[in-house]
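Colleague: Mapped onto this note's numbering, the consecutive letters of the sequence shown carry residue numbers 1 to 758.
By construction, these hints were calculated from the structure, which means they are not laboratory data. Among the clues, some could well be false.
To be verified - Taking lysine to any residue pairs in the SDA-like style, the calculated list, with each CA pair at most 20 Å apart, reads:
1) 93 - 714
2) 405 - 447
3) 183 - 172
4) 49 - 143
5) 49 - 76
6) 50 - 145
7) 405 - 756
8) 50 - 160
9) 49 - 138
10) 23 - 281
11) 624 - 453
12) 109 - 281
Claimed, not checked - Quick list of simulated restraints, FRET-style, between CB atoms:
13) 368 - 711: 54 to 64 Å
14) 711 - 374: 49 to 59 Å
15) 179 - 261: 47 to 57 Å
16) 115 - 666: 48 to 58 Å
Note that the Cβ used here is the ideal one computed from N, Cα and C, for glycine as well.
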Amino acid sequence: MRRPLACAGLVFILILLIIQLIKPEGDETLPFDDGETIRISGELVRIEKKTKEDGIHTIWYLSVPDIDDMLICYMSDVTADTALGAGVCVRGKVSYFTHATNPGQFDMKDYYDICHICAALMNAEVVSVDVSHISPYKRLLGRLSVVSMNIGMLADLCFDVDDASVIRAMLLGDKSAMSPDTKSLYSRNGIAHILAISGLHISMLGMALVTLLKKCRVPTGVSAVAAIVLMIMYGLMTGMAASAMRAVIMFSLRMLADIVHRTYDMATALVVAAVLVLIEQPAYLFYTGFQFSFGAIAAVMLILPALEDVFPKIFSGCVAINIVTLPIYLHNYYYYPILSVVLNLYIIPLMSVLLGLAIIAVAGCALWIPLGKILAIPAHLILLIYEYSCKLADMVSWNRYVTGKPLTSMTIVYVVLVALVIALGRYQTRLQIMMNLLFCCIMLTFNPATGVSVTMIDVGQGDGIYITDHCGRDILIDGGSSDVSDVGTYRMAPFLYSQGVLSIDALFITHLDADHYNGSLELLEDGGKSMPRIEALYFTSSSVIMGEGTLTSEIISEAGPSEHVGNAAYESLVRAAADNGIPIYVVSTGDIFSAGALEFTCLYPDSACLGEDTNNESLVLDMKYVTGRSLFHRHNLESGDMNADGDEIHFIFTGDIGGEGEDAMCEYLPDVVTPDDTVILKVAHHGSRFSSSDMFLDEVGADIALISAGRDNSYGHPHAELLERLNRRNIPYFNTADHGAVRVDICHGTIRVTGFTD
Numbered sequence: 001m002r003r004p005l006a007c008a009g010l011v012f013i014l015i016l017l018i019i020q021l022i023k024p025e026g027d028e029t030l031p032f033d034d035g036e037t038i039r040i041s042g043e044l045v046r047i048e049k050k051t052k053e054d055g056i057h058t059i060w061y062l063s064v065p066d067i068d069d070m071l072i073c074y075m076s077d078v079t080a081d082t083a084l085g086a087g088v089c090v091r092g093k094v095s096y097f098t099h100a101t102n103p104g105q106f107d108m109k110d111y112y113d114i115c116h117i118c119a120a121l122m123n124a125e126v127v128s129v130d131v132s133h134i135s136p137y138k139r140l141l142g143r144l145s146v147v148s149m150n151i152g153m154l155a156d157l158c159f160d161v162d163d164a165s166v167i168r169a170m171l172l173g174d175k176s177a178m179s180p181d182t183k184s185l186y187s188r189n190g191i192a193h194i195l196a197i198s199g200l201h202i203s204m205l206g207m208a209l210v211t212l213l214k215k216c217r218v219p220t221g222v223s224a225v226a227a228i229v230l231m232i233m234y235g236l237m238t239g240m241a242a243s244a245m246r247a248v249i250m251f252s253l254r255m256l257a258d259i260v261h262r263t264y265d266m267a268t269a270l271v272v273a274a275v276l277v278l279i280e281q282p283a284y285l286f287y288t289g290f291q292f293s294f295g296a297i298a299a300v301m302l303i304l305p306a307l308e309d310v311f312p313k314i315f316s317g318c319v320a321i322n323i324v325t326l327p328i329y330l331h332n333y334y335y336y337p338i339l340s341v342v343l344n345l346y347i348i349p350l351m352s353v354l355l356g357l358a359i360i361a362v363a364g365c366a367l368w369i370p371l372g373k374i375l376a377i378p379a380h381l382i383l384l385i386y387e388y389s390c391k392l393a394d395m396v397s398w399n400r401y402v403t404g405k406p407l408t409s410m411t412i413v414y415v416v417l418v419a420l421v422i423a424l425g426r427y428q429t430r431l432q433i434m435m436n437l438l439f440c441c442i443m444l445t446f447n448p449a450t451g452v453s454v455t456m457i458d459v460g461q462g463d464g465i466y467i468t469d470h471c472g473r474d475i476l477i478d479g480g481s482s483d484v485s486d487v488g489t490y491r492m493a494p495f496l497y498s499q500g501v502l503s504i505d506a507l508f509i510t511h512l513d514a515d516h517y518n519g520s521l522e523l524l525e526d527g528g529k530s531m532p533r534i535e536a537l538y539f540t541s542s543s544v545i546m547g548e549g550t551l552t553s554e555i556i557s558e559a560g561p562s563e564h565v566g567n568a569a570y571e572s573l574v575r576a577a578a579d580n581g582i583p584i585y586v587v588s589t590g591d592i593f594s595a596g597a598l599e600f601t602c603l604y605p606d607s608a609c610l611g612e613d614t615n616n617e618s619l620v621l622d623m624k625y626v627t628g629r630s631l632f633h634r635h636n637l638e639s640g641d642m643n644a645d646g647d648e649i650h651f652i653f654t655g656d657i658g659g660e661g662e663d664a665m666c667e668y669l670p671d672v673v674t675p676d677d678t679v680i681l682k683v684a685h686h687g688s689r690f691s692s693s694d695m696f697l698d699e700v701g702a703d704i705a706l707i708s709a710g711r712d713n714s715y716g717h718p719h720a721e722l723l724e725r726l727n728r729r730n731i732p733y734f735n736t737a738d739h740g741a742v743r744v745d746i747c748h749g750t751i752r753v754t755g756f757t758d
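Given only the sequences and the hints, what does the whole structure look like? Please build it.
Modeller: Listed below in structure tokens is the structure:
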């Protein structure tokens with residue numbers, strides 16, 4: 001049997017995968033409540049300094065006795081410092097990580113589980129430090145940390161701030177000083193992999209050392225062992241991420257093959273590296289860095305040989321790697337930067353040059369700072385090439401191909417089809433192979449979704465509703481939060497990308513409370529650079545009057561924000577729209593908007609209802625979807641289906657409307673919905689005590705109620721009295737605090753309600 005070790009390793013990996021898929025999730029390992037202030041002792045195993053907008057943050061990682069995972073401590077004193085391996089006692093507030101509650105949202109719990117971190121300690125203070133029992137290994141790590149810090153300081157001296165942050169990431173694996181804009185620029189253009197310590201770093205530095213030692217007449221065995229030791233130390237110094245661990249193991253096996261005069265087999269080395277990495281942490285199987293690192297090398301071994309005669313040599317390697325990493329990329333980022341194929345053709349080869357130049361510049365700076373600055377110029381020019389290449393790619397409208405998250409079934413089909421195309425390559429012409437691979441990529445992005453979907457995004461204490469007819473029409477109502485920071489960046493945009501949304505056709509802002517607009521404001525200000533673009537913004541006349549704007553036409557943004565002086569919320573929204581060429585429309589009672597099979601009617605407010613209560617002036621929209629006989633299907637609920645006999649399905653979106661507004665609407669609701677219609681009500685004001693009164697609920701005749709509220713919010717939403725009113729009418733309700741994002745699907749007359757966390 002060929003490669004028996006590799007085959008055995010693959011079987012081991014398959015068994016690990018099955019175990020990881022079927023094993024239940026573990027419980028919290030700390031015997032403390034979330035938010036409890038505690039004092040805890042442990043061994044200091046790592047120290048980080050991170051630069052953020054509000055200054056430098058010091059982070060300690062503690063290994064706590066009798067607990068398998070570490071504790072991450074965000075120190076209140078930025079100068080807190082001691083030796084690695086020291087015994088420390090700290091005091092702070094416990095904060096547990098939570099799972100994602102929306103599609104596309106980054107899962108903090110899964111990520112920190114992979115990193116062996118069970119909880120965070122916020123505003124931690126040092127109680128005591130004991131440095132008398134530090135192990136030799138920890139002393140070595142401490143010295144390596146000092147070396148890393150000194151190299152970083154030299155990089156800061158010879159490069160400007162932006163360049164130094166990138167060089168730190170490339171040489172030391174330290175991304176803490178990189179600006180969010182630079183990270184986003186590299187990431188959205190598909191070149192963020194150059195910031196990770198990988199095989200390029202290890203092989204270049206290791207082979208350079210071996211070559212140097214051999215030229216100095218050092219025996220092969222000695223030079224190989226020296227290179228292995230130094231590369232292991234380099235990996236430890238940079239944090240030994242999954243990609244670095246893979247590279248160090250494979251490099252070490254290559255050197256060992258030279259020592260024992262055996263042929264180095266890359267396939268066996270790759271499998272052995274994977275096994276060793278997974279023994280340390282089996283959950284790495286689901287870690288993006290692990291998948292990209294091992295997937296790229298697997299592509300070079302398995303796919304590249306079959307494509308060398310199909311594509312020009314300059315393209316074949318890049319195509320092979322992209323074929324393997326495409327499903328990984330789409331499952332994690334939901335879009336693909338098309339021009340990254342071209343960018344990587346010269347960015348990756350330039351990386352070797354850049355690393356060498358950066359090392360020379362840092363070494364020169366250690367001798368004489370002006371010399372280091374001069375030697376840094378060539379590296380600076382390469383970084384400029386990187387930056388402007390990405391900015392030019394950003395200017396190409398079709399560069400970002402948004403697909404949404406691929407279906408698992410389509411991913412399996414993709415893998416099988418690609419394997420068949422490669423295996424049967426000898427029976428196909430070059431053109432046939434190219435077309436078949438293109439077909440595989442199209443199949444991967446295929447999503448047969450039909451009908452209409454309405455998703456109440458979990459934005460915490462706030463509102464954000466996404467509507468799509470799966471025919472290219474995408475609508476957003478509100479989008480904001482009072483308890484989730486940067487909700488547009490970290491919840492709304494990832495969710496929209498996961499749904500395959502490149503742009504929003506219409507954004508309706510119900511009123512000017514921050515928990516209804518601040519996330520959407522982030523999307524407006526971005527202008528489609530790194531988030532979905534807003535194509536049109538809709539206000540109510542009450543919002544415009546509150547902003548003291550003067551209206552001369554339906555579209556008010558063409559005149560620019562200077563003519564609209566009012567409150568900060570109104571001005572910021574108008575300014576962001578005007579700066580990005582987004583038209584603004586005014587919505588009045590009775591206005592009707594059509595979007596395919598959907599019809600939106602503005603029910604409220606009218607001019608007679610305007611007052612000082614911003615909540616009571618919220619925009620209320622009725623969305624009508626005409627279908628055949630509708631069936632209400634409730635998913636993940638104890639009770640069964642129920643029939644709705646009407647031909648029309650209505651969604652009523654109420655913003656934060658109060659009792660006065662509800663009373664006014666009751667007069668003309670009978671003209672909008674009939675008792676035979678199916679009505680889905682978005683409960684006003686997050687389920688406050690006085691929202692959705694008895695009279696209003698009776699008039700609406702809701703079949704389902706949706707509530708958007710934050711977990712354990714200080715307002716007590718949804719209020720017990722509101723829930724009692726719903727229960728008395730047997731109206732099932734779905735709360736984002738309980739179910740995460742709540743999605744309502746309507747297809748072929750069937751309504752299905754699902755919660756993301758159910």
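Colleague: Please list, smallest to largest, the hint numbers that this structure does not respect.
Modeller: none
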